[in-house]
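> Below are the chains, spelled out letter by letter.
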Amino acid sequence: AQSVTQPDIHITVSEGASLELRCNYSYGATPYLFWYVQSPGQGLQLLLKYFSGDTLVQGIKGFEAEFKRSQSSFNLRKPSVHWSDAAEYFCAVGLTGGFKTIFGAGTRLFVKA
Amino acid sequence: DVKVTQSSRYLVKRTGEKVFLECVQDMDHENMFWYRQDPGLGLRLIYFSYDVKMKEKGDIPEGYSVSREKKERFSLILESASTNQTSMYLCASSMGQDAYEQYFGPGTRLTVT
Chain A
0 AQSVTQPDIH
10 ITVSEGASLE
20 LRCNYSYGAT
30 PYLFWYVQSP
40 GQGLQLLLKY
50 FSGDTLVQGI
60 KGFEAEFKRS
70 QSSFNLRKPS
80 VHWSDAAEYF
90 CAVGLTGGFK
100 TIFGAGTRLF
110 VKA
Chain B
131 DVKVTQSSRY
141 LVKRTGEKVF
151 LECVQDMDHE
161 NMFWYRQDPG
171 LGLRLIYFSY
181 DVKMKEKGDI
191 PEGYSVSREK
201 KERFSLILES
211 ASTNQTSMYL
221 CASSMGQDAY
231 EQYFGPGTRL
241 TVT
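Chains as they are written, first to last, in our numbering: chain A, 0 to 112; chain B, 131 to 243.
Hints are computed from structural coordinates only; laboratory data are not their basis. Treat the hints with care, since some could be wrong.
Residues on chain B that point at chain A, a partial pick, calculated with CB under 10 Å [claimed, not checked]:
1. VAL134
2. TYR180
3. LYS183
4. GLY188
5. ILE190
6. PRO191
7. GLU192
8. ASP228
9. GLU231
10. PHE234
11. PRO236
12. ARG239
13. THR243
Please read all numbers here as calculations on a predicted model, not as lab measurements. Each residue gets a CB set at the ideal place from its N, CA and C atoms; glycine is no exception.
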């Protein structure tokens, strides 16, 4: 069955430090891959997406993610975290040939001064 | 910009009441979705619709129904609300015939007492 795993329920980083959020998926084909961010009390906003081509994708707010087919991973990175990045982050897999998207359980990011 | 709006941000209902959650999108998207979001479980798909009057069950449709009479509007109905339906409900829309990125509304936090 298709699934998305975000191993870290929450992560705390210092402002200015680098960030990596992990995401692994299980799917038989190459999926569409997404990272969304949810600020408190808000809906989800798309950070970046991967459909095909260059495996390193750039997103909004200085985020990037790398697709590694051999590891079935799509990790999110940011070189220098800002306090405003504190939010919950969701990795998602879009199943090709259909409408369905599967979301991970989310990783909550805390940023300390 | 795509705009997805939901009729209420917060809603308190009593057990056994019939509850309507409304969602409207303004970008002529074919597809609309209803999710519920619970801590540690991520987003779970309740129902989706890929065209007017068309609907498909998601992963957790029990206790819910939907209606899509117009392309821009997708309603979620709780026929007889129960306390285990207390949750955050998110509506989303997307274009095309594949699992492309979704655009989310701000969510409705429903409490059933």
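> So, for every hint listed, does it hold in this structure?
Going down the list of hints, with the structure as the test:
{"no.": "1", "hint": "VAL134", "in the structure": "holds, 7 Å"}
{"no.": "2", "hint": "TYR180", "in the structure": "holds, 6 Å"}
{"no.": "3", "hint": "LYS183", "in the structure": "violated, 16 Å"}
{"no.": "4", "hint": "GLY188", "in the structure": "holds, 8 Å"}
{"no.": "5", "hint": "ILE190", "in the structure": "violated, 13 Å"}
{"no.": "6", "hint": "PRO191", "in the structure": "violated, 13 Å"}
{"no.": "7", "hint": "GLU192", "in the structure": "violated, 18 Å"}
{"no.": "8", "hint": "ASP228", "in the structure": "holds, 7 Å"}
{"no.": "9", "hint": "GLU231", "in the structure": "holds, 5 Å"}
{"no.": "10", "hint": "PHE234", "in the structure": "holds, 4 Å"}
{"no.": "11", "hint": "PRO236", "in the structure": "holds, 5 Å"}
{"no.": "12", "hint": "ARG239", "in the structure": "holds, 8 Å"}
{"no.": "13", "hint": "THR243", "in the structure": "violated, 21 Å"}
Of the numbered hints listed earlier, those contradicted by the structure are 3, 5, 6, 7, 13.
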